[in-house]
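2 protein chains.
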Amino acid sequence: MAARALSRLAVHVTLVDRRNFHLFQPLLYQVATGALSPANIAAPIRSLLKREKNVRVLLGEATGVDAERRLLLLSGGELPYDTLVVAAGVRHHYFGREDWERLAPGLKTIEDATEMRRRILLAFEKAERETDPLQRRALLTFIVVGGGPTGVELAGALSEIAQHTLRGDFRAIDPSEARVLLLEAGERILPTYSPDLSARAMRALERIAVGVRTSTRVTELADGAVTVRHGETGETLRAATVLWAAGVKGSPLGASLAASAGASLDGAGRVLVGPDLALRGHPEIFVVGDLAARNDDAGRPLPGVAQVAMQQGRYVAKVVGARLSGSPPPPPFRYLDFGSMATIGRGAAVADLRIARFNGFVAWMAWLFLHLMYLVQFANRLLVFVQWAWSYLTWNRSARLITGTDRQ
Amino acid sequence: MAARALSRLAVHVTLVDRRNFHLFQPLLYQVATGALSPANIAAPIRSLLKREKNVRVLLGEATGVDAERRLLLLSGGELPYDTLVVAAGVRHHYFGREDWERLAPGLKTIEDATEMRRRILLAFEKAERETDPLQRRALLTFIVVGGGPTGVELAGALSEIAQHTLRGDFRAIDPSEARVLLLEAGERILPTYSPDLSARAMRALERIAVGVRTSTRVTELADGAVTVRHGETGETLRAATVLWAAGVKGSPLGASLAASAGASLDGAGRVLVGPDLALRGHPEIFVVGDLAARNDDAGRPLPGVAQVAMQQGRYVAKVVGARLSGSPPPPPFRYLDFGSMATIGRGAAVADLRIARFNGFVAWMAWLFLHLMYLVQFANRLLVFVQWAWSYLTWNRSARLITGTDRQ
Numbered sequence: 005m006a007a008r009a010l011s012r013l014a015v016h017v018t019l020v021d022r023r024n025f026h027l028f029q030p031l032l033y034q035v036a037t038g039a040l041s042p043a044n045i046a047a048p049i050r051s052l053l054k055r056e057k058n059v060r061v062l063l064g065e066a067t068g069v070d071a072e073r074r075l076l077l078l079s080g081g082e083l084p085y086d087t088l089v090v091a092a093g094v095r096h097h098y099f100g101r102e103d104w105e106r107l108a109p110g111l112k113t114i115e116d117a118t119e120m121r122r123r124i125l126l127a128f129e130k131a132e133r134e135t136d137p138l139q140r141r142a143l144l145t146f147i148v149v150g151g152g153p154t155g156v157e158l159a160g161a162l163s164e165i166a167q168h169t170l171r172g173d174f175r176a177i178d179p180s181e182a183r184v185l186l187l188e189a190g191e192r193i194l195p196t197y198s199p200d201l202s203a204r205a206m207r208a209l210e211r212i213a214v215g216v217r218t219s220t221r222v223t224e225l226a227d228g229a230v231t232v233r234h235g236e237t238g239e240t241l242r243a244a245t246v247l248w249a250a251g252v253k254g255s256p257l258g259a260s261l262a263a264s265a266g267a268s269l270d271g272a273g274r275v276l277v278g279p280d281l282a283l284r285g286h287p288e289i290f291v292v293g294d295l296a297a298r299n300d301d302a303g304r305p306l307p308g309v310a311q312v313a314m315q316q317g318r319y320v321a322k323v324v325g326a327r328l329s330g331s332p333p334p335p336p337f338r339y340l341d342f343g344s345m346a347t348i349g350r351g352a353a354v355a356d357l358r359i360a361r362f363n364g365f366v367a368w369m370a371w372l373f374l375h376l377m378y379l380v381q382f383a384n385r386l387l388v389f390v391q392w393a394w395s396y397l398t399w400n401r402s403a404r405l406i407t408g409t410d411r412q
Numbered sequence: 005m006a007a008r009a010l011s012r013l014a015v016h017v018t019l020v021d022r023r024n025f026h027l028f029q030p031l032l033y034q035v036a037t038g039a040l041s042p043a044n045i046a047a048p049i050r051s052l053l054k055r056e057k058n059v060r061v062l063l064g065e066a067t068g069v070d071a072e073r074r075l076l077l078l079s080g081g082e083l084p085y086d087t088l089v090v091a092a093g094v095r096h097h098y099f100g101r102e103d104w105e106r107l108a109p110g111l112k113t114i115e116d117a118t119e120m121r122r123r124i125l126l127a128f129e130k131a132e133r134e135t136d137p138l139q140r141r142a143l144l145t146f147i148v149v150g151g152g153p154t155g156v157e158l159a160g161a162l163s164e165i166a167q168h169t170l171r172g173d174f175r176a177i178d179p180s181e182a183r184v185l186l187l188e189a190g191e192r193i194l195p196t197y198s199p200d201l202s203a204r205a206m207r208a209l210e211r212i213a214v215g216v217r218t219s220t221r222v223t224e225l226a227d228g229a230v231t232v233r234h235g236e237t238g239e240t241l242r243a244a245t246v247l248w249a250a251g252v253k254g255s256p257l258g259a260s261l262a263a264s265a266g267a268s269l270d271g272a273g274r275v276l277v278g279p280d281l282a283l284r285g286h287p288e289i290f291v292v293g294d295l296a297a298r299n300d301d302a303g304r305p306l307p308g309v310a311q312v313a314m315q316q317g318r319y320v321a322k323v324v325g326a327r328l329s330g331s332p333p334p335p336p337f338r339y340l341d342f343g344s345m346a347t348i349g350r351g352a353a354v355a356d357l358r359i360a361r362f363n364g365f366v367a368w369m370a371w372l373f374l375h376l377m378y379l380v381q382f383a384n385r386l387l388v389f390v391q392w393a394w395s396y397l398t399w400n401r402s403a404r405l406i407t408g409t410d411r412q
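Line by line, the protein sequences give chains A and B. In terms of the numbering used here, the first sequence is numbered consecutively and its last residue is 412. In terms of the numbering used here, the second sequence is numbered consecutively and its last residue is 412.
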């Protein structure tokens, strides 16, 4: 969004990314659960910026910033800048227990998604060959940690796979006996939604056989076991597959901005930005998207969603444009919140929109429509539509591949 | 095919595969060149055999055969059998130079295809950042070794990517300056086709700027360089990307059959089978598909194509059925050859069919139609059709993702 908006100014734009594609993260859980293929939710960055002739795209990894010399450091090179826009996002966060990543992978990249898909499908395959009933029970137990939108959507999709997609596929096990548990440390799932919608989402999950446990904190992870605490009581749950959807941590570029440009970071490593999204003392460095920490007028932090990032990207181009033309700067950034939505499973969703709150089938259709529209390439809209329609009619998921090898 | 045909008999069938999906290999080159996603040409084996209730599917790796005790050895277990059908296929073959695999990957698995895609796209990305003109030239040179159908189809698709798909995507390089070279050790490409069609295919390739060199043998591979010999003269070609489409080698299960059941292997490690596709001295062990070596009535080896494998799979079920019912055995296996086809690029193909030989647009349409029909799942037919139609209209390839990490 920033590169596109900046391309309309008389400037040279260089977009550096370590991947050659733009990823539509809100649908990543559908790749992790075999409903879509990676390429369906990704588009080559070069294609997207083909017509913006003053935009150059470089495949490369930004490793740091030298604010004094105005250089972006790359692995194998450096790039001078007049204005720098950092939109490097976040990774998942294990709150100091980074060794848990191996045991409970998170969901931020295509590789994360195919690894998650591999683990989910492999658990059913291993259960089919397992003769020990306790071990088989553990293989058929799936725990999702974190009750935000990603966790809710993952748990819903997992339940659909077990209850419907895999029906009749196995001979020794009944996939519908699989247990899906959603653990949330806070008092309710979807904490950024209204309490009413949280409660509805919880009931909808329970209707499709997802066990939801709120106020339940993970205290220890081991291979095949999750130890949790709920109030005063602790418990160890046996589960072969644990998926992580709790907490985020800013890109290492945030730390580099702190060291080089004196930026302040919040507890999750996100960069505190001023009202114009620039760093204090470095008006030529902007931070936008999930990596930026900024509160709204009511003092609440802006949510880490695509809408915020897109609006911030466009806003930065406005600030730069005003500086170039010598006009007065635009008013401070304000997030125009159109609302949020999450699917809970087939035909069920919650929507907390600016204009209304609703749930159920209507919310689900709205979710499908909006997410289709936000896919940047027409071909992908068509492909995703075909797959969704097909899945709806047949309960099938066409991308159920176990690929790659064990990461551990 | 064997499992499906056997399922109609009063037998218990166990299908063991180390992958959870059936792969339609003839379209693998389209994954390697970003036209299709892996899941589009793969279908979960369990889904395919869902209704065959006497068929059990096991995800597992067969490591060998104990013919005397009638056991299939698995990594982590063993499986008794009365009748064994081995259809473990072939890998690519480097003629004793297995160290070349790292330098010039072949194309047999989904992972091979995404690795090839990664290398092809990465070469253009590196060329965009390269300032040394010689090095840039090497990055924009693509060499395909082997002029069989896979090599021809790969070279054609590579040329289309360079000439059309990437047009306008780069700022420092012109992708259409990329060179694609197809090397074939024999006298003509597509040696199993009629000489007339070979010549037409060669002209069609040259029309789309693929350099074809026949009677040219690779004598040495190094990082970024291919040494070839043509008659008495040698030459070293600089190329960052070398793709291998020459030669196949039987699965290690062939060697296990040789050791355990006294099977004879041909030079490529394929198992020589009798007229009923069973091993001499072990009528209960059948070998079908690419791993089986068998000549046709004219003394020519049966080609390693899907049609042969499918007919052989069905044939084995007939033999087993006759044994069970005590009827006389069916006549020796005969391959009913409907012909072969290969695409050369957009709108161009050659077809060497039983009923006619033709080339050009009509052959191409026939190729598209037949390959769509052979995809086993209706959803995949629809998805592939959408992507082919889209690519035809826009020259775009939607699955241009660089994923995974450097294998080396």
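Each hint should be verified, as a subset may be incorrect.
As the list makes no split between identical chains, a pair holds if one copy fits it or if it spans any two.
[Unchecked claim] The calculated lysine to any residue pairs, modelled on SDA-like cross-linking and capped at a C-alpha distance of 20 Å, are:
1) Lys130 x Tyr378
2) Lys112 x Ile406
3) Lys130 x Ala326
4) Lys130 x Glu82
5) Lys54 x His168
6) Lys130 x Pro334
7) Lys57 x Gly330
8) Lys322 x Pro256
9) Lys130 x Asp200
10) Lys54 x Arg133
11) Lys322 x Ser198
12) Lys130 x Gly80
13) Lys54 x Ala176
14) Lys253 x Arg60
15) Lys54 x Val232
16) Lys322 x Arg12
17) Lys54 x Ile406
18) Lys130 x Pro256
19) Lys54 x Asp178
20) Lys253 x Asp200
21) Lys253 x Gly235
22) Lys253 x Tyr98
23) Lys112 x Tyr396
24) Lys322 x His168
25) Lys57 x Pro336
Everything labelled a hint here was simulated from the structure, so no lab data went into it.
Quick rundown of the hints versus the structure:
no.	hint	in the structure
1	Lys130 x Tyr378	neither (37 Å within a copy, 30 Å between copies)
2	Lys112 x Ile406	both (19 Å within a copy, 16 Å between copies)
3	Lys130 x Ala326	neither (60 Å within a copy, 35 Å between copies)
4	Lys130 x Glu82	between (48 Å within a copy, 15 Å between copies)
5	Lys54 x His168	between (42 Å within a copy, 13 Å between copies)
6	Lys130 x Pro334	neither (58 Å within a copy, 39 Å between copies)
7	Lys57 x Gly330	neither (24 Å within a copy, 75 Å between copies)
8	Lys322 x Pro256	neither (27 Å within a copy, 63 Å between copies)
9	Lys130 x Asp200	neither (40 Å within a copy, 52 Å between copies)
10	Lys54 x Arg133	between (50 Å within a copy, 17 Å between copies)
11	Lys322 x Ser198	neither (33 Å within a copy, 65 Å between copies)
12	Lys130 x Gly80	between (43 Å within a copy, 12 Å between copies)
13	Lys54 x Ala176	between (53 Å within a copy, 13 Å between copies)
14	Lys253 x Arg60	neither (29 Å within a copy, 45 Å between copies)
15	Lys54 x Val232	neither (50 Å within a copy, 38 Å between copies)
16	Lys322 x Arg12	within (10 Å within a copy, 69 Å between copies)
17	Lys54 x Ile406	between (34 Å within a copy, 18 Å between copies)
18	Lys130 x Pro256	neither (37 Å within a copy, 24 Å between copies)
19	Lys54 x Asp178	between (50 Å within a copy, 13 Å between copies)
20	Lys253 x Asp200	neither (29 Å within a copy, 63 Å between copies)
21	Lys253 x Gly235	neither (26 Å within a copy, 61 Å between copies)
22	Lys253 x Tyr98	within (9 Å within a copy, 46 Å between copies)
23	Lys112 x Tyr396	neither (26 Å within a copy, 33 Å between copies)
24	Lys322 x His168	neither (49 Å within a copy, 35 Å between copies)
25	Lys57 x Pro336	neither (30 Å within a copy, 66 Å between copies)
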